[in-house]
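Trainee: Chains as they are written, first to last, in numbering that gives the first Met the number 0: chain A, 0 to 340; chain B, 0 to 292; chain C, 0 to 322.
I should point out that these hints are in silico values taken from the structure, not numbers from a laboratory.
Bear in mind the structure is a predicted one, so any value in this text is a computation, not a measurement.
There could be a bad hint or two in this list.
Said to hold, decoys possible - What follows is a list of derived Cβ distance ranges for each label pair: (1) C/L115 <-> A/E304: 39 to 49 Å; (2) C/D143 <-> B/F199: 52 to 62 Å; (3) A/A288 <-> C/R266: 17 to 27 Å; (4) C/A150 <-> A/A328: 46 to 56 Å.
Glycine is no exception: its CB is placed at the ideal position from the N, C-alpha and C atoms.
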Amino acid sequence: MTAPFLSLDAITRRFEPRLILGDRIAARLGARVENRPVRAVTEVSLEIAKGETLGLVGESGCGKSTLGRVVAGILPPTSGTVLIDGKPVIEHGRKVTTRVQTVFQDPYASLDPRMRIGDIVAEGPIAHGLASKADAPGYVRDWLSRVGLDPDFAGRYPHQFSGGQRQRVAIARALAMQPDLLVCDEPVASLDVSIQAQIINLFLELRRELGITCLFISHDLRVVRHVSDRVAIMYLGRIVEIGATEAIYRDPQHPYTRALLGSVPKLVLEDDELVRFETISGEIPSPLAPPPGCTFHPRCPVAVEACRREVPVLFDDSDGRMVACHVRAMERAAMTKEGSA
Amino acid sequence: MIDTSTPLGRFWAGFRENPVAVAALTMVAAIVLVAVAAPLIAPQDPYDLGGLSLLDARRPPGHVGSGGYVHLLGTDAQGRDLLSAILYGLRISVQIGLLAGGVALAIGASLGVTAAYAGGIVETLVMRIVDLQLSFPAILLALVLVALLGQGKAQLVTALVAAQYAYFARTAYGAATAERRKDYIEAATATPLSRARVVFRHLLPNCMPPLIVVATVQIANSIALEATLSFLGLGLPVTEPSLGMLISNGFVYMMSGRYWISVYPGVALIVLIVAINLVGDQVRDQLNPRLHR
Amino acid sequence: MNAPLLEVEGLRTHFFTRAGVVKAVDGVSFALAPGEILGLVGESGSGKSVTGFSLLGLIDPPGRIVDGSVRLEGEELVGMPTRALRRLRGRRIAMVFQDPMMTLNPVLSIGTQMSLAIRAHDAVSDKAARERSAAVLARVGIPDARARLDAFPHEFSGGMRQRVAIAIAMAHSPAVIVADEPTTALDVSIQAQILFEMRELARESGTALVWISHDLATVSSLAERILVMYAGRIVEEGATATVLRDPRHPYTRGLLDSLPATAEPGRPLNQIPGTTPSLLALPPGCPFAPRCAHASGSCREDPPRRAAAGRAYRCHHPLERVA
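From just these sequences and the hints, can you work out the full model?
Mentor: Now the structure itself:
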């Protein structure tokens with residue numbers, strides 16, 4: 000088997016709260032100062048094949064954005080490695096490759112308000128020798144038209160554009176770096192429905208044209224289903240289920256995935272149909288004090304004793320589907336036993 | 000027509016809506032112009048001691064001097080034409096204000112923005128020094144420095160910069176800590192672009208609005224501080240009479256009814272400082288996103 | 000048919016900005032029956048939120064209601080003195096905002112804020128007000144409500160805060176609650192809980208709901224009737240399922256087709272071209288015409304409102320029923 004295109008090996012990212020000066024001195028002097036690190040991402044390993052789009056879903060605080068930023072080279076992981084084509088993305092805390100580029104959620108914040116959009120798109124390619132200063136205007140025009148913008152807009156400032164157009168600029172900026180992997184962090188979350196559709200279409204089109212690999216992060220399960228080949232579901236910093244998109248949406252195995260899919264409001268087209276919501280009880284626990292064992296067990300309808308004690312690991316369920324659930328593992332074991340008996 | 004597409008164009012379009020600010024800006028521009036052109040338009044060269052006559056000393060406004068021309072604002076204790084002295088004094092004040100403000104802005108902004116972006120030990124070190132310095136009154140620091148360095152324009156500017164860069168550093172640091180968390184900075188680091196580029200091409204320009212506001216205030220402050228030091232006789236040498244020194248020179252004659260020697264330079268100083276502050280107020284209103292409709 | 004509880008007629012709310020007059024709401028009329036749940040759907044700039052704020056008279060300069068009427072139980076609210084309006088707000092008509100911190104004061108405990116809200120309209124003792132607060136909090140699904148009265152807003156999660164804001168809105172059992180994107184900022188699992196609870200609460204208490212949202216799916220699972228807004232006007236209205244199953248206005252159709260759920264995964268979505276128009280310089284006629292595939296010369300004139308069989312739309316070229 001060939002090496003995977005992108006591989007994450009046991010990525011953990013902790014955030015240590017910054018202590019005030021007094022506490023730092025006290026800690027240096029040997030006093031006990033409470034400083035609980037937040038584990039945003041815990042031992043996540045996954046692989047993405049060339050040309051594939053992996054959807055990363057989860058609710059707020061599940062660590063999907065942190066993981067995205069580790070992959071994008073913005074945040075160094077506390078431990079673990081991110082390799083693209085066998086080479087590291089980050090070395091000594093600094094990003095060392097331009098092969099991974101990012102599209103951010105909020106196009107109102109991700110473009111420097113004091114730069115013309117032509118300069119925004121040209122800056123990276125010039126700095127990394129992908130275009131000479133002389134060729135830059137033509138290079139920028141080319142990319143602007145590829146993302147569906149009038150190339151004559153290069154001299155305008157971001158505030159002169161709508162949200163959808165700004166997101167096109169952000170996409171052009173990322174693609175002008177000729178990346179192999181695009182990390183999209185909630186790229187359509189802040190856009191209106193009709194504009195969202197335009198950006199999704201643009202994304203699908205460019206992906207086909209450029210054969211680009213993609214990590215698509217979103218809280219919107221409907222959008223993720225539409226664009227991803229495979230999906231990974233995160234809960235409190237860990238991946239609980241990962242596998243082919245259609246298989247997961249049709250037949251979710253982890254109780255959290257099931258509950259999450261059940262919570263998505265559906266378009267109701269029948270009169271007098273009373274919608275039943277399959278709600279998950281309770282709230283997401285604080286990542287400061289995650290529950291022991293399986294972090295989902297306090298809200299899980301099928302939790303057993305083992306879930307309170309042991310952290311479940313991802314196991315191969317079927318057809319490349321991985322699930323981290325004690326109950327499902329036991330079911331699976333029973334099924335194989337039956338099968339062999 | 001103003002091109003409202005550029006940030007500067009939009010700024011100016013808004014600025015024009017306040018007639019008071021426009022009047023103040025016109026006043027500042029006029030004073031700067033007059034100050035620059037002082038050698039050309041002043042009736043007399045007040046530095047040319049040979050051209051002074053003690054016979055003309057302390058004459059009231061309107062006096063026709065021995066030189067043959069009218070002293071519109073009277074003369075001072077050395078027989079200088081007061082109007083000429085004020086024009087030259089303004090020249091020095093504006094020069095020192097702009098120079099000290101500009102240098103303090105450059106040093107302070109770079110320090111503050113770098114501290115915010117670098118974090119860690121650099122941040123702690125720079126910002127604690129700045130905090131320490133801000134806990135002293137600026138005038139005290141400037142006084143001590145002038146006393147140590149001696150008199151002269153360069154020494155005075157150095158003292159003023161040392162007393163004022165901390166305000167810029169503090170403001171730049173505050174603005175930069177807010178800006179550096181924004182996505183466009185993250186996008187620049189994610190490209191990746193070099194640190195220097197991120198700091199000076201992206202972070203610093205976006206920290207400019209509050210710095211410009213502080214700069215207008217601080218230029219007015221440097222002018223006032225310089226006048227104060229000169230009034231106390233610690234600023235510039237007697238051969239280069241600034242507004243502060245003119246006021247100080249005339250002070251002893253106030254009680255004897257020769258008000259003009261102190262009052263006219265004082266009026267010039269007040270008009271200059273008030274005009275700069277009015278411009279600064281409008282700039283602040285303009286750049287404060289909360290006030291935007 | 001019941002007499003309408005809330006009647007809005009020809010409402011126009013305009014904002015007089017430096018750049019010109021923004022006609023955020025431009026001729027909106029609808030009626031709300033007691034206990035009804037009405038969905039108000041549109042994209043940003045459609046005027047749905049401004050309509051909601053106008054109902055409560057919460058329009059600040061440079062905005063102003065320039066024309067139209069809002070009658071609550073027969074009483075005209077447009078032009079009503081602020082003091083009289085304040086007596087109605089919270090008691091007969093209440094609002095839930097997208098950001099619960101618009102309602103909540105960060106420095107007061109939940110119990111204090113709720114008591115204040117209750118005693119603003121009812122002369123009851125502090126103790127009685129606290130009792131009632133605990134009861135309302137329990138009704139909106141806050142566990143251990145009595146103990147949480149002493150907590151501060153920052154100690155609550157986003158979903159819990161929104162529940163408290165809803166509880167404050169429910170405190171006086173108002174006739175109408177206007178909810179402006181109340182679940183948009185929340186996670187799906189929390190959103191589903193709140194949708195479910197709001198529906199139950201409205202049914203139990205007989206409170207009518209105006210549910211403002213950009214999300215067709217949430218509205219469809221909640222509202223009996225739907226109003227689709229575009230550029231400050233209502234372009235289509237009717238029973239929710241009927242309108243969504245069989246839209247007449249090309250914009251409603253376009254919105255539905257933009258949803259990823261309606262297309263096969265990986266296939267391009269049937270997008271609406273262009274962007275929402277600037278409300279500063281709307282061309283005469285149908286505001287949707289520049290983006291509409293069916294537009295013709297007649298669209299330069301304002302399309303009349305056509306109503307039949309409990310539904311209505313404003314379009315010169317309504318879509319035919321798909322077989």
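Trainee: Could you check the hint for me, namely that C/D143 and B/F199 are 52 to 62 Å apart, CB to CB?
Mentor: holds (54 Å)
Trainee: Is 46 to 56 Å a correct range for the gap between the Cβ atoms of C/A150 and A/A328?
Mentor: At roughly 39 Å between Cβ atoms, A/A328 and C/A150 fall outside 46 to 56 Å, so the hint is violated.
Trainee: Given the hint of 39 to 49 Å, check if C/L115 and A/E304 actually sit that far apart at their C-beta atoms.
Mentor: Roughly 47 Å apart at Cβ, these two residues keep to the hinted range, so it holds.
Trainee: For A/A288 and C/R266, compare the CB-CB distance with the range 17 to 27 Å and indicate the outcome.
Mentor: At 44 Å between Cβs, range violated.
In terms of the numbered hints stated before, the structure departs from hints 3, 4, listed from lowest to highest.
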